[in-house]
Structures are given as structure tokens and as C-alpha cells.
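**Student:** For reference, the chains in residue letters:
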Amino acid sequence: MTVHIPSALRSYTGQKSEVEAEGGTLADVLSALDQRYAGLRFRIITEQDTIRPHIRIFVNEEQAPGLNVPLQPDDHVHIICALSGG
Amino acid sequence: MSRHRTIPSSKPPAVPKPAAGPVTLLIGTRKGAFILRGDRSRRTWKLSAPIFLGHIIHHLVLDPRDGRTMLMAASTGHLGPTVFRSTDAGKTWKESVAPPAFPKVPEGQKGRVVNHVFWLTPGHASEPNSWYAGTSPQGLFRSADGGVTWEPFSYINDDPQYREWMGTVQDGTPDGPKLHSIIVDPRDPAHLYFAMSGGGVHESVDGGKTFTTLLQGLDVVEGFDRATPTFHDPHCVRYCPTDPDRLYQQNHCGIYRLDRPSNRWVRIGRNMPKQVGDVGFPIVLHPRDPDRVWVFPMDSGTVWPRVSPGGKPAAYVTHNAGKTWVRQDKGFPRSNAWWTVKRQAMTADAREPVGLYLGTTSGEVWASRTGGASWTCLARHLPEIYSVEAAEF
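Chains X and S, in that order, give the protein sequences. Residues 1 to 86 in this note's numbering are what the first sequence lists, from first letter to last. Residues 1 to 393 in this note's numbering are what the second sequence lists, from first letter to last.
Just to be clear, a hint being listed does not mean it is correct.
As the list claims (entries may be wrong) - Here are the simulated BS3-like pairs of lysine-lysine, each with C-alpha atoms no more than 25 Å apart in a straight line: (1) K323(S) x K274(S); (2) K16(X) x K31(S); (3) K94(S) x K31(S); (4) K16(X) x K274(S); (5) K312(S) x K274(S); (6) K31(S) x K46(S).
Unchecked claim - According to the in silico footprint, chain X covers these stretches of chain S (three or more CB under 8 Å from chain X): (7) 77-90; (8) 111-124; (9) 233-242.
These aren't lab readings, by the way, just hints derived from the structure by calculation. Just so you know, even glycine gets a beta-carbon here, dropped at the ideal spot from N, CA and C.
Kindly generate the complete structure, drawing on both the sequences and the hints.
**Tutor:** And the structure:
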């Protein structure tokens with residue numbers, strides 16, 4: 001499936017805005033991404049396996065409430081940095 | 001917590017000769033890190049481009065044991081915390097493989113999450129590649145491989161008594177409760193101190209197997225119980241490099257000195273001018289003279305503006321371990337300067353006369369080549385400055 005990477009995380013993906021990854025759940029996909037792009041997962045997922053504040057993850061157009069969301073091979077995963085800051 | 005302990009009693013380190021080389025300032029800001037390189041005379045300075053622009057850098061520290069490894073505590077407004085490492089004195093950087101993180105708790109329990117790494121301390125000279133980190137919320141971590149990987153250190157992160165003393169986010173500072181001022185006794189790697197805002201000052205003489213509180217003599221906000229560590233808010237604790245049995249502390253409630261083996265802090269800030277008070281964030285010690293200390297007071301009236309009192313910035317120095325204090329404001333703005341200096345943002349070099357450096361909440365770097373007798377602005381228009389460390393390499 002395709003994972004859309006926000007600009008804040010493209011230092012991990014060699015500036016790629018989209019990468020391909022496989023996995024049956026969001027947790028699997030993020031683990032696979034972290035294998036390839038070490039450190040990426042911890043910037044968006046806490047040590048308690050929760051999505052960090054100000055980060056949202058959408059599967060297709062549905063916001064993922066957690067990491068157990070099941071995924072299909074043709075799903076699109078969007079990692080979004082919330083419109084916040086200063 | 002009463003546990004048996006003994007204080008290391010080995011001789012104090014020999015007084016080193018003053019350094020003679022150029023000084024480099026490592027600056028952490030709310031929007032990235034900067035390196036400000038001085039020449040040998042400390043008169044000409046060159047500012048680097050921003051490093052990790054947009055990252056929140058709480059601390060940037062050079063390893064004095066090899067003179068080229070640097071660690072940087074970083075996060076952003078959106079992304080989680082991490083530590084960046086350089087092994088070539090800041091030319092290139094890599095990220096820690098396993099940054100400080102609390103253990104994952106079983107499903108259904110509420111585990112803690114590191115919000116940011118706040119403080120970095122290189123380990124003992126006999127333990128190359130060892131580092132300690134303090135986090136927000138309060139956590140103590142150690143790396144044995146130069147910051148590549150980090151593990152929780154000691155029992156305190158999960159100890160019910162310590163967790164109670166750490167309080168909650170509501171008990172901590174507005175920017176989050178913090179563990180800081182991690183001190184490794186240069187005579188003994190097992191002799192450690194750390195401080196928590198809030199949560200008090202703590203000491204271990206057995207390499208972190210046990211810790212005891214060091215709270216005697218410290219004041220707390222009126223109406224609270226000074227026997228309860230939660231109510232203690234040490235802002236910054238430093239030890240004298242040439243007399244590790246002497247500690248100084250800038251606290252939310254005053255300036256203190258502790259001469260071991262005594263466990264009782266003495267409030268030396270009572271000798272500050274009444275109209276200025278003895279509240280601030282940083283405290284800076286002379287590299288060779290245990291009696292000489294600098295502070296940078298701030299306004300702690302009404303709602304705690306945390307700016308220079310009256311808009312008139314000034315350092316204060318004592319040459320006699322706190323008996324008397326002298327105002328040092330030559331070169332600073334005479335009025336309408338509504339900034340202050342955070343706890344990691346004031347430091348000294350090892351030259352003679354000693355150089356002092358501070359970074360302001362308004363993004364200016366000030367220096368004194370004369371032990372604080374006069375001050376010069378080295379850089380301005382930087383983001384809010386969180387930390388300044390002086391390094392010679």
C-alpha cells in the first residue's frame with residue numbers, strides 16, 4: 001500500500017513523499033517503515049503505542065483511532081502533522 | 001527515604017591551569033541549534049547557520065572526554081523527542097537508534113511518555129561513551145554507547161515513592177515537569193546527583209541503586225510542607241569542579257550552598273539586595289574558585305513575570321561563597337529589557353579571566369571576557385534561547 005509522508009518526516013525517507021509498505025494492520029505497516037527508515041516510528045508513535053498529540057493518521061479518508069486498524073493492500077495511509085504550532 | 005550512605009572521601013581534583021584556546025558556544029533554541037565560534041582572544045565570533053532549523057533544542061553538549069562527540073536533545077512541536085549525535089564536532093549528525101523512552105506498560109495501564117529530553121550530562125571520565133539524560137516528564141536515562149541507544153537508569157522512573165514525588169503535569173513547570181542537573185562526581189562514577197522541577201534534589205553513592213533526598217534547609221512556597229519533595233523546585237544545581245563537596249543551587253525559593261558532608265543547604269541568597277531578590281533560573285560556578293558564583297535574578301513578584309527585575313538585566317557575583325553579592329550590569333541595556341536567562345543558558349569558560357556567556361529568552365547572546373565586569377552582545381535575533389554551553393576544541 002501507499003503511505004503518504006509529511007514534509008516533517010521526509011528526512012527519514014530520503015525526501016520521498018510517498019513510500020510503499022506492506023502489513024495487515026497499521027501497526028505492521030509502521031513497524032515495516034521503521035525497519036527501512038529507522039527512527040521514523042518513534043517520532044509519531046509513543047512508547048505506549050499511541051499516536052502522538054498533533055499527529056493524525058488517516059486510512060483512505062478515515063482517521064485511525066489507534067494502531068490496530070486492519071489494512072488492505074490497496075489502502076492509502078496518510079500521516080498528517082496537525083495544523084498547530086508557533 | 002532514609003537509606004544508609006557514605007560520602008566519597010577521596011581528595012578533591014587538582015586545580016587545573018586556565019585554558020588558553022578559542023571558545024565555542026553551543027546554543028540550543030526553540031527553533032534549532034547554533035554554533036558560535038570565537039577566536040583565541042574571544043573578541044571575534046562567527047555564527048553558524050541553523051542546525052536542525054525548526055527543531056526545539058533543549059540542550060547541546062560536547063563530550064569533554066574526546067572533544068568531538070556532541071549530543072543534542074531535540075523535538076518539534078509535532079514530532080516526538082529524539083537525540084541527535086555528532087562524532088565530528090558538529091559537522092555531521094545522526095539520530096539515536098533508541099532515544100530515551102519509558103517502558104511500555106501492559107494493556108489497560110497508563111504508561112508514561114517522554115515529551116522531550118531536557119538535560120544531557122556526559123558520564124564519568126573512566127566510563128567513555130556513557131551519558132545521562134533527564135526528561136520531561138521526569139525520567140532518568142543512561143546511554144553506554146555514546147548516545148546511540150538509551151535505557152531507563154536506576155529504579156526511580158517507576159518507583160511508587162518517586163512517582164508520587166514527581167507529581168503530575170499540573171504540579172510541574174508550565175513547559176512540563178523536568179529532571180535536570182545530573183551531576184557525576186569526578187572522583188567517583190557511582191556518586192550521582194540529580195534534581196527535579198518539581199521533586200527536589202537527590203543523591204546516590206552506589207551508582208543509582210539507591211537515592212536519598214537532599215532537602216534540608218531548602219524553602220518551599222509559603223504554606224506548603226517542606227518535608228514533601230513534590231513541593232521542592234530546584235531550578236539548577238551545580239558542583240564545583242575543584243571542590244566536588246561544594247554544591248550551589250538556584251531554586252524557585254532562593255539561592256543555596258551545600259558543603260558536604262553536611263546535608264543542610266544554606267540560603268546564601270538572603271544576602272542579595274532585597275529589591276532584586278534571589279530567584280532566577282541559572283547558577284554558574286567558577287572553574288577553579290569554589291567561592292565565586294554567578295546568578296541572573298528574575299522578577300518573581302505577583303504572577304511571576306520571569307523577566308529581569310524592572311527591565312534592567314544584571315548578573316550578580318559572589319566572591320566569598322555567598323556572604324556578599326556584587327551587581328554586574330555594565331554593557332547590558334539600562335532599561336526596557338524584558339528578558340531573562342533560562343537554567344541551561346548561562347555558562348563559563350575555563351580561561352583566565354573567566355569568560356561568561358548567556359543566552360536570553362529574546363534571542364540574544366551576551367558575553368563577558370572579564371568575569372562579568374562588563375558585557376557585550378555577540379549575537380541577536382536568534383530564536384528564544386534554551387541552552388548555552390562553552391566548549392574548547
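**Student:** Can you list which hints this structure breaks, lowest number first?
**Tutor:** 4 and 9
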